Amino acid sequence: MLPSLITCNLAGLAIAALYYTWRDVYLVRMRRQKAVNLHERVAHMLWVAANRS
46 MLPSLITCNL
56 AGLAIAALYY
66 TWRDVYLVRM
76 RRQKAVNLHE
86 RVAHMLWVAA
96 NRS
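Per the numbering used here, residue 46 is the first one in the sequence shown, and the count goes up by one each step.
The set of hints was computed from the structure by calculation and includes no laboratory data.
Be aware that a few hints might be false.
FRET-style restraints, in silico, Cβ to Cβ [said to hold, decoys possible]:
(1) W92 with L58: 47 to 53 Å
(2) A88 with C53: 48 to 54 Å
(3) I60 with N96: 49 to 55 Å
The model shown is predicted, which means the values in this text are computed figures rather than measured ones.
Yeah, the Cβ is synthetic: ideal placement off N, Cα and C, and Gly gets one too.
Turn these sequences into a full structure, and let the hints guide you.
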């Protein structure tokens, strides 16, 4: 009984560790992508404003 309980707990721990690792990597990528999109939008806005004059 005890070895199966330990196995279940280790499996749950492994799944949780994989999920939290994936989530952290995903969030970092999303933050970078948002920053890149913002920089591109600001650069485009400045380029359009400069070409109007």
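**OP:** Output the numbers, in ascending order, of every earlier hint that fails for this structure.
**Re:** Hints that this structure does not satisfy do not exist here, as all of them hold.
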